[in-house]
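The sequence shown begins at 212 in my numbering and counts up by one.
It is worth saying that the hints were derived from the structure and are not from the lab.
It should be emphasised that the depicted structure is a prediction, and the values quoted were computed from it without experimental measurement.
A few of these clues could be false.
[Claimed, not checked] Computed spacing ranges between beta-carbons, pair by pair:
1) 304 - 282: 18 to 28 Å
2) 250 - 317: 49 to 59 Å
3) 298 - 257: 29 to 39 Å
[As the list claims (entries may be wrong)] Computed cross-link-like contacts, DMTMM-like style, restricted to lysine to aspartate or glutamate with a CA-CA straight-line distance of at most 25 Å:
4) 312 - 271
5) 222 - 234
6) 253 - 275
7) 253 - 282
8) 310 - 272
9) 253 - 241
For every residue, glycine included, the Cβ atom is placed at its ideal position computed from N, Cα and C.
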Amino acid sequence: MSANRSRGILKAQSDRRGVVISELQRELVELERDLADEARTKARLHALNARLGSVIRELEETGDAMVGLIEESERQSGFWLVEMFRRLIQQARRWRTVKAKAAAIQPGGYDQLGETP
Numbered sequence: 212m213s214a215n216r217s218r219g220i221l222k223a224q225s226d227r228r229g230v231v232i233s234e235l236q237r238e239l240v241e242l243e244r245d246l247a248d249e250a251r252t253k254a255r256l257h258a259l260n261a262r263l264g265s266v267i268r269e270l271e272e273t274g275d276a277m278v279g280l281i282e283e284s285e286r287q288s289g290f291w292l293v294e295m296f297r298r299l300i301q302q303a304r305r306w307r308t309v310k311a312k313a314a315a316i317q318p319g320g321y322d323q324l325g326e327t328p
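Kindly produce the complete structure, drawing on both the sequences and the hints.
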């Protein structure tokens, strides 16, 4: 009778361990899923950040080129002034194109055209 009680106690303890182990395994699966989601989110944020950095650099370069042309045109006259305005218009078009790129960037990793970074 004592042996049967001991077996019953051991079985109850084993059953409780099995429940605890199953619960821990379930929590590990959830943790793994959460970490995978976080990794995907970080990758998307990194790609978005890289695209934004590229657009910002391009905007700065275009702005600097426009300022340079304006400063140079102040020192010029005649035909060269016409050429300066032509180049300034080219830079203004580039500026608009880059701004359109910036506006098209979407946080989900896709731009408005459905292209990935």
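A quick look at each hint next to the structure:
1. A C-beta distance of roughly 20 Å is found between residue 304 and residue 282, which places it inside the suggested range of 18 to 28 Å.
2. The hinted window of 49 to 59 Å between residue 250 and residue 317 is violated, with their beta carbons roughly 20 Å apart.
3. In this structure the supplied range 29 to 39 Å holds for residue 298 paired with residue 257, their Cβ-Cβ distance being about 36 Å.
4. Of the pairs offered as hints, the one joining residue 312 and residue 271 holds, with about 14 Å between alpha carbons and a cut-off of 25 Å not exceeded.
5. For the hint linking residue 222 to residue 234, the alpha-carbon distance of about 18 Å falls within 25 Å, and the restraint holds.
6. Taking the CA atoms of residue 253 and residue 275, the gap is near 32 Å; set against the 25 Å cutoff, the hint is violated.
7. Proposed proximity of residue 253 and residue 282 is contradicted: the alpha carbons are some 43 Å apart, above 25 Å.
8. Under the criterion of a C-alpha separation no larger than 25 Å, the hint pairing residue 310 with residue 272 is consistent with the structure, at around 13 Å.
9. With a CA separation close to 18 Å, the supplied pair residue 253 and residue 241 stays within the 25 Å bound.
Of the numbered hints given earlier, the model fails hints 2, 6, 7; all others are met.
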